[in-house]
Amino acid sequence: MNLSSNTSTSGLDLAPPSVIDLEHETVRGLNAKMHGLSHGTNHGCWRILNPRGRHAIVAGLDAPVMVDIAGNVGYYCAGMNKQAHVVVHGNAGVGVAENMMSGFVHVKGDASQAAGATAHGGTLIIDGNATARCGISMKGIDIIVKGSIGHMSAFMGQAGTLTVLGDAGEALGDSIYEAHLYVRGTVTSLGADCVIKALRDKHKAELFEKLKAAGVDGQVDISDFKRYGSARTLYHFHIDNASNY
Amino acid sequence: MCGIVGLFLKDKTLEPELGAMLSRMLGVMNDRGPDSAGFAVYGAGQQGVIKATLRAPAGIDFEALSEELARVTGEFVRIVAHDTHGVIAVPADRWPSVRSSIKEIAPELTIVGEGNRMELFKEVGLPSEVSKRFGLVKMTGTHGIGHTRMATESAVTTNGAHPFSTGIDQCLVHNGSLSNHNAVRRELQRNGVTFETDNDSEVAAAYLSQCMHEGDSLARSLERSLDDLDGFYTFVVGTRNGFGVLRDPIACKPAVLAETDRYVAFGSEYRVLVDLPGIEQARVWEPEPSQVYFWGHNE
Chain A
337 MNLSSNTSTS GLDLAPPSVI DLEHETVRGL NAKMHGLSHG TNHGCWRILN
387 PRGRHAIVAG LDAPVMVDIA GNVGYYCAGM NKQAHVVVHG NAGVGVAENM
437 MSGFVHVKGD ASQAAGATAH GGTLIIDGNA TARCGISMKG IDIIVKGSIG
487 HMSAFMGQAG TLTVLGDAGE ALGDSIYEAH LYVRGTVTSL GADCVIKALR
537 DKHKAELFEK LKAAGVDGQV DISDFKRYGS ARTLYHFHID NASNY
Chain B
-5 MCGIVGLFLK DKTLEPELGA MLSRMLGVMN DRGPDSAGFA VYGAGQQGVI
45 KATLRAPAGI DFEALSEELA RVTGEFVRIV AHDTHGVIAV PADRWPSVRS
95 SIKEIAPELT IVGEGNRMEL FKEVGLPSEV SKRFGLVKMT GTHGIGHTRM
145 ATESAVTTNG AHPFSTGIDQ CLVHNGSLSN HNAVRRELQR NGVTFETDND
195 SEVAAAYLSQ CMHEGDSLAR SLERSLDDLD GFYTFVVGTR NGFGVLRDPI
245 ACKPAVLAET DRYVAFGSEY RVLVDLPGIE QARVWEPEPS QVYFWGHNE
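Here the protein sequences come in this chain order: A and B.
The C-terminal position of the first sequence is numbered 581 in my numbering, with every residue numbered one higher than the one before it.
The C-terminal position of the second sequence is numbered 293 in my numbering, with every residue numbered one higher than the one before it.
With the rest of the complex left out, here is chain A (with noise of 0.2 Å):
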């Protein structure tokens, strides 16, 4: 984990940064600063020091800015993000990008429980690993984590994709909707109505894209992934099932 990169991520933005030191200042002031930002914003590049595993540090942006967070972050980090680019230079806690709407959100270190959860769009990037529930009930957002994830991953997942160049835990994608799951390595358990799928071209090319988003396109082999989605057997009414109703 590299806390001392100051870095802006985008190269967007040239203007230098304002630091906000959480040392110094509230998570609800940070907060309320940036929540005060018009969306035709040009103050587009902040620096976050001293996080200290601090709670919903920059929850509900919603402005085009980049934010730079020195250091491991607590839960709800970004949650329900609209439009801004953010970048955990850490691990980050449960919930990160939760009910993002859209932007752009990077772990550099793992991300815990429930990443993404039930987002509707943007990009959530982790280098690491996330552990249960990552992208529960996700909508639209794209996932793509670098190591693993763990039990219970997608679970009702409806919309978006979920890429994982490690393994997944128990239960993945247990009672999915159109979620689309590519896991590389291997899957301890499938959930309820959650099958294995061919990975035809369409596919290939839209893991291709996620990849890119990541920066990994070219250092993994395509091939290599499995596809996973819903059998559609639980949704869809059946008549079997008729007395269950």
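Quick caveat, the hints were computed from the structure, so don't treat them as lab data.
Careful: at least some of the hints might be erroneous.
[To be verified] With a Cα cut of at most 27 Å, we get these calculated DSS-like pairs of lysine-lysine:
| hint | chain 1 | residue 1 | chain 2 | residue 2 |
| --- | --- | --- | --- | --- |
| 1 | A | 475 | B | 247 |
| 2 | A | 444 | B | 247 |
| 3 | B | 6 | B | 126 |
| 4 | A | 548 | A | 562 |
| 5 | A | 475 | A | 540 |
| 6 | A | 418 | A | 548 |
Bear in mind that the values here come from a model prediction, so they are computed numbers and not experimental data.
With chain A fixed as given, assemble chain B onto it according to the hints.
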């Protein structure tokens, strides 16, 4: 909610700092459990001596109790007072009779922990205040565990505060709630185990002690609990020479571990760990569900 902390020192030079480190960790967990708090510290033990921690109603005169004990048992026993708790050290062979004398002369006292090395303190109140009252900052030792409670399964009382000890040098802290604790309690009661509270975590502690009483190792006892205890839990257990961690099979409750050459630390959240020396270089990870972790010193 509840918060758990644990610290196991590998580096002896940190031992004088154990209480100060644990106290900071516990204070961070104020907001996960403001109802009550407690901790167990494993300090120096004398061979053949039992240390017991007694909890008394506020305002107790431990000196008078010590004199009364000397009169009844014919033996002088010093009680080191820490607020409402007193630590008594007695030669192991004399302990059973001193123990029954205590029960006789001061039935209002509760023996919250017994061991060769363990001292155990718990009270109702904000965790940072509780550790201040007992002087945790100045305590030394090889390892310790602590708990901050947000009550769910039973009342906010000192008896309901963690850690729970039901065996010599053994204690447990728990974040979560057990759903079959009444059934397990009845089973244990049939085997002669007695309980002080209606608390689910006391059942977990008694269950583990019973397994070890039957000859299982701590690790095996924790594995057995995966089959017999139902509910949400992260357990951290203290033993004479180390501490162990177990999460339920679906990992409902949060847990973070950090390890360096100098220590292993546990926290319900990463925030607990931020002041530990060299944490930036530590290996930090979430313990896997259903997996027993244990660190111990060889004796």
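To see whether the hints hold, each was checked on the structure:
no.	hint	in the structure
1	A/475 x B/247	holds (25 Å)
2	A/444 x B/247	holds (24 Å)
3	B/6 x B/126	holds (24 Å)
4	A/548 x A/562	holds (18 Å)
5	A/475 x A/540	holds (21 Å)
6	A/418 x A/548	holds (21 Å)
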